[in-house]
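Residue numbers (our numbering), protein chains in the order written: chain A, 52 to 404; chain B, 52 to 404.
Just to be clear, a hint being listed does not mean it is correct.
As the list claims (entries may be wrong) - Covered stretches of chain B (chain A as the covering partner; in silico rule of three or more C-beta atoms under 8 Å from a C-beta of chain A): (1) 119–128; (2) 141–152; (3) 240–249.
As the list claims (entries may be wrong) - To give an idea of the interface, some chain A residues facing chain B are shown, with a C-beta separation under 10 Å as derived from the structure: (4) F59; (5) T89; (6) H93; (7) G106; (8) S110; (9) D138; (10) V142; (11) I302; (12) S349; (13) L367; (14) G370; (15) D385; (16) L386; (17) R388; (18) E389.
To be verified - Across the chosen pairs, the derived CB separations fall in these ranges: (19) B/A78 with A/S360: 47 to 57 Å; (20) B/D179 with A/F59: 33 to 43 Å; (21) A/L192 with B/D63: 19 to 29 Å; (22) A/E393 with B/L192: 32 to 42 Å; (23) B/M52 with A/R182: 41 to 51 Å; (24) A/D63 with B/A244: 51 to 61 Å; (25) A/K374 with B/K160: 22 to 32 Å; (26) B/R182 with A/E371: 44 to 54 Å.
Simulated from the structure, these hints should not be mistaken for lab results.
A virtual CB, placed ideally from N, CA and C, is assigned to each residue, including glycine.
2 protein chains.
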Amino acid sequence: MKAFPTLFVNEDIVRFNIRQMAEKAKACSVEFRPHFKTHQSHAIGHHFRDFGVKGITVSSLKMADYFIKDDWDDITIAFPVNVLAADYYDVLASKCDLKTLVISSDVVKRLDKGMSSTMGLYIEVDPDYGRSGVPVSQLDLISQLLATIEASDNFYPAGFYCHAGHTYKTRSKEGIEQIAIETLKKLKVLKQAFPDLPICFGDTPSCSVLNDFDPANQISPGNFVFYDWMQVQIGSCSPNEIAVYMECPIIEKFQDRNQVLIHGGAVHFSKDSVKIGDALSFGEPMLKHLSEETYVASLSQEHGIVQCSPEVFSKLKVGEILKVFPIHSCLTADLMREYHTEDGKILDHMNGV
Amino acid sequence: MKAFPTLFVNEDIVRFNIRQMAEKAKACSVEFRPHFKTHQSHAIGHHFRDFGVKGITVSSLKMADYFIKDDWDDITIAFPVNVLAADYYDVLASKCDLKTLVISSDVVKRLDKGMSSTMGLYIEVDPDYGRSGVPVSQLDLISQLLATIEASDNFYPAGFYCHAGHTYKTRSKEGIEQIAIETLKKLKVLKQAFPDLPICFGDTPSCSVLNDFDPANQISPGNFVFYDWMQVQIGSCSPNEIAVYMECPIIEKFQDRNQVLIHGGAVHFSKDSVKIGDALSFGEPMLKHLSEETYVASLSQEHGIVQCSPEVFSKLKVGEILKVFPIHSCLTADLMREYHTEDGKILDHMNGV
Numbered sequence: 052m053k054a055f056p057t058l059f060v061n062e063d064i065v066r067f068n069i070r071q072m073a074e075k076a077k078a079c080s081v082e083f084r085p086h087f088k089t090h091q092s093h094a095i096g097h098h099f100r101d102f103g104v105k106g107i108t109v110s111s112l113k114m115a116d117y118f119i120k121d122d123w124d125d126i127t128i129a130f131p132v133n134v135l136a137a138d139y140y141d142v143l144a145s146k147c148d149l150k151t152l153v154i155s156s157d158v159v160k161r162l163d164k165g166m167s168s169t170m171g172l173y174i175e176v177d178p179d180y181g182r183s184g185v186p187v188s189q190l191d192l193i194s195q196l197l198a199t200i201e202a203s204d205n206f207y208p209a210g211f212y213c214h215a216g217h218t219y220k221t222r223s224k225e226g227i228e229q230i231a232i233e234t235l236k237k238l239k240v241l242k243q244a245f246p247d248l249p250i251c252f253g254d255t256p257s258c259s260v261l262n263d264f265d266p267a268n269q270i271s272p273g274n275f276v277f278y279d280w281m282q283v284q285i286g287s288c289s290p291n292e293i294a295v296y297m298e299c300p301i302i303e304k305f306q307d308r309n310q311v312l313i314h315g316g317a318v319h320f321s322k323d324s325v326k327i328g329d330a331l332s333f334g335e336p337m338l339k340h341l342s343e344e345t346y347v348a349s350l351s352q353e354h355g356i357v358q359c360s361p362e363v364f365s366k367l368k369v370g371e372i373l374k375v376f377p378i379h380s381c382l383t384a385d386l387m388r389e390y391h392t393e394d395g396k397i398l399d400h401m402n403g404v
Numbered sequence: 052m053k054a055f056p057t058l059f060v061n062e063d064i065v066r067f068n069i070r071q072m073a074e075k076a077k078a079c080s081v082e083f084r085p086h087f088k089t090h091q092s093h094a095i096g097h098h099f100r101d102f103g104v105k106g107i108t109v110s111s112l113k114m115a116d117y118f119i120k121d122d123w124d125d126i127t128i129a130f131p132v133n134v135l136a137a138d139y140y141d142v143l144a145s146k147c148d149l150k151t152l153v154i155s156s157d158v159v160k161r162l163d164k165g166m167s168s169t170m171g172l173y174i175e176v177d178p179d180y181g182r183s184g185v186p187v188s189q190l191d192l193i194s195q196l197l198a199t200i201e202a203s204d205n206f207y208p209a210g211f212y213c214h215a216g217h218t219y220k221t222r223s224k225e226g227i228e229q230i231a232i233e234t235l236k237k238l239k240v241l242k243q244a245f246p247d248l249p250i251c252f253g254d255t256p257s258c259s260v261l262n263d264f265d266p267a268n269q270i271s272p273g274n275f276v277f278y279d280w281m282q283v284q285i286g287s288c289s290p291n292e293i294a295v296y297m298e299c300p301i302i303e304k305f306q307d308r309n310q311v312l313i314h315g316g317a318v319h320f321s322k323d324s325v326k327i328g329d330a331l332s333f334g335e336p337m338l339k340h341l342s343e344e345t346y347v348a349s350l351s352q353e354h355g356i357v358q359c360s361p362e363v364f365s366k367l368k369v370g371e372i373l374k375v376f377p378i379h380s381c382l383t384a385d386l387m388r389e390y391h392t393e394d395g396k397i398l399d400h401m402n403g404v
């Protein structure tokens with residue numbers, strides 16, 4: 052029993068989740084290029100190798116560097132090019148088959164001047180999500196950008212990259228399917244215009260519920276390796292597919308309000324939350340019978356306040372441990388910086404090195 | 052110019068903020084026991100020494116350990132006792148004058164059995180904030196707890212500790228004053244019942260606006276050393292008292308929606324936010340003329356989307372830097388794990404060691 056907030060991973064569930072997605076990719080004839088931003092771990096990455104994964108996706112140059120050190124040699128940085136970091140792209144592209152995302156011709160030209168290594172560029176297309184990318188319907192702009200890449204000294208077109216992040220706003224499997232299918236419909240127009248370029252598609256909700264990715268050629272989901280309570284709420288998975296949980300010491304009980312104070316705050320869980328009725332939940336206690344009456348109701352820096360049903364409250368004891376599913380496993384892992392297993396191993400995280 | 056999200060600190064403002072609070076404490080005849088959970092830095096801690104600070108406050112055993120290593124020898128861990136960590140309290144209490152918080156007699160008795168070093172115990176009282184502590188009006192419970200401490204082998208009563216965190220819900224100086232004065236009124240009843248025990252009081256909003264802390268004998272604010280955009284919204288400070296800011300590369304511009312993509316996401320800023328009209332802000336761009344039209348409108352793991360007024364949008368350039376005030380400086384510093392200064396120094400943070 053750990054005396055402090057500790058992040059545990061269940062590697063059996065990790066392998067189950069990877070196997071499901073790898074088999075689906077195979078059945079759908081798409082390349083599986085998983086996003087490693089969720090786990091950021093060499094040890095977790097090794098499980099992917101066992102399922103034949105060769106190309107991976109990351110969210111930063113630093114993370115690409117971390118996985119190059121563990122001999123991954125086909126890496127997409129799924130973040131638009133930062134022209135200030137040309138030197139760093141150049142170094143990493145000399146060490147592996149590096150690809151990244153671009154949105155504008157101006158950036159391609161500026162980066163081209165600062166590099167001498169070869170790098171693949173995906174054109175990021177925005178499926179009306181509104182975060183980043185060229186609007187998927189603007190084929191003229193996309194053609195211009197493609198011509199700029201082809202005219203460059205150092206780059207080749209790697210294809211199109213599309214993140215349909217608006218699936219995170221839905222709260223049912225059907226809702227996810229609807230958005231995902233609309234997105235794929237938009238990508239079909241793109242594919243007709245540029246049939247030779249692969250399309251990489253991937254967000255965990257879409258990849259979890261779809262069984263047909265046409266016209267996409269690659270998928271790059273990340274969160275599915277662990278899932279989390281937000282993904283249960285969205286409709287991507289069931290609670291028994293969540294591979295990580297926090298162990299938090301129970302510090303005190305407050306009888307008058309059926310609340311328990313745990314050691315486990317914003318510096319452990321992150322402040323991401325989901326709506327539970329009119330309230331926010333910052334974590335979901337792992338109980339035999341999950342209940343909307345029991346949830347992490349607030350977090351400050353080190354404090355977590357768990358609102359309990361009277362029955363749950365009566366069973367919790369000061370000095371024992373409460374297991375809690377994180378709301379957003381990527382951010383919780385990023386803060387906790389290492390993983391414990393039930394058989395006593397500690398697995399690495401990039402931030403812990 | 053840094054190519055990646057970077058946290059900067061202005062040490063002149065840090066010293067200005069410390070001086071203001073130290074002088075106020077002196078004028079009000081209260082001991083200044085600042086909370087170090089915001090900066091978590093030896094280097095920032097040294098500035099406090101210059102203003103005569105001897106006793107400090109931290110939020111975890113690990114943080115106490117970190118500051119003992121920098122020769123602080125009078126430390127309060129302002130978090131209720133974790134009975135699972137008796138060994139660690141024992142070790143740290145053998146190295147310095149350690150104090151911490153308790154809420155229940157049961158915990159005091161259990162901890163007493165696991166220790167042999169002397170430690171001070173503050174009784175945490177709850178001023179109807181509802182996070183942690185014995186309700187301040189329950190004098191009988193407080194008397195019992197005090198008797199348990201006095202009957203223990205290892206502990207002595209250090210006084211009362213009171214965190215009026217509900218000041219964070221207000222949005223004006225007058226609102227803060229009202230809550231703070233109500234809290235002090237409740238503490239006066241406590242003081243009459245236990246006149247010999249010091250009261251430690253302290254949250255940044257209250258300590259920033261009050262000029263009379265009667266009946267408190269000690270104050271322990273923390274955030275004021277840096278302040279942040281949330282404190283501006285609450286009414287604790289003005290923007291020119293904020294001592295930290297993020298520098299984020301501008302990655303792309305989206306003309307059709309007056310939005311700019313920066314490198315700076317949830318793993319840099321944290322997901323804490325404030326309301327700006329009907330929207331949420333996750334960061335406040337530092338502009339000559341601050342405007343509600345320009346704010347960090349969303350964060351994902353590495354992406355920040357800045358909504359801009361048309362005028363601001365026209366001035367921002369891809370490949371330049373946007374400076375942004377964090378919403379909650381404690382959490383941003385906890386994630387960034389080091390501080391840069393404008394003259395090129397790097398200051399430590401506990402998480403970076």
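Which hints from the list above does the structure break, by number from lowest to highest? 1, 2, 3, 4, 6, 7, 10, 13, 18, 21, 23 and 26
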